[in-house]
Amino acid sequence: KKIMDHYKTKSEYIFPIITSSDEKIAYRQYQNSLSYYNKQLKKISDLLGLPSPLTSYVARHTWATAARNKNIPLSVISAGMGHTSEKTTQIYLASLDNSIIDEANKFIISSLYYKEDNSGKKKKREV
1 KKIMDHYKTK SEYIFPIITS SDEKIAYRQY QNSLSYYNKQ LKKISDLLGL PSPLTSYVAR
61 HTWATAARNK NIPLSVISAG MGHTSEKTTQ IYLASLDNSI IDEANKFIIS SLYYKEDNSG
121 KKKKREV
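Residue numbering for the sequence shown follows this note's numbering, starting at 1 and increasing by one per position.
Possibly wrong hints are sitting among the right ones.
Quick list of the computed label-pair ranges, beta carbon to beta carbon [claimed, not checked]:
hint : residue 1 : residue 2 : range
1    : Lys24     : Ser56     : 14 to 24 Å
2    : Lys121    : Gly80     : 35 to 45 Å
3    : Val76     : Glu12     : 38 to 48 Å
4    : Lys39     : Glu86     : 46 to 56 Å
5    : Ala79     : Lys8      : 19 to 29 Å
6    : Lys87     : Glu23     : 20 to 30 Å
7    : Ser110    : Lys24     : 47 to 57 Å
Calculated lysine-lysine pairs in the DSSO-like style (CA-CA distance at most 30 Å, straight line) [what the hints assert, rightly or not]:
hint : residue 1 : residue 2
8    : Lys70     : Lys123
9    : Lys70     : Lys10
10   : Lys43     : Lys24
11   : Lys70     : Lys106
12   : Lys10     : Lys39
13   : Lys43     : Lys123
14   : Lys106    : Lys123
15   : Lys24     : Lys39
16   : Lys87     : Lys122
17   : Lys70     : Lys24
18   : Lys1      : Lys39
No lab work stands behind these hints, which were simulated from the structure alone. We treat Cβ as the ideally placed atom computed from N, Cα and C, and that holds for glycine.
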């Protein structure tokens, strides 16, 4: 609340990122802010030594995945993503499904090469 009160303006937006009512200028302000935001997220990723950089897309991806995994209705996810149609959201969520399948495949392949002993430690399987 303190942050929102600090940035409170008479604008229709919460933060003073878009200040122009001219559509073209407003869109350019949005693009510039998004670019700056992603550059700052990349710096944070580098500082943390993350294997993949953080981006605004990662945040959207994470939110949509969490919402889908909690059985949030497609219409709500679509509205949250700002999509104009649920079909767009279905296409977006279908691309997320591949990442889940990729993780499952990594797990299965790993289990073919390693097994846990009685102490819970992983040991390479003998072929």
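Against which earlier hints does the structure fall short, listed by number upward? Of the numbered hints given earlier, those the structure breaks are 3, 4, 8, 9, 13, 16 and 17, listed in rising order.
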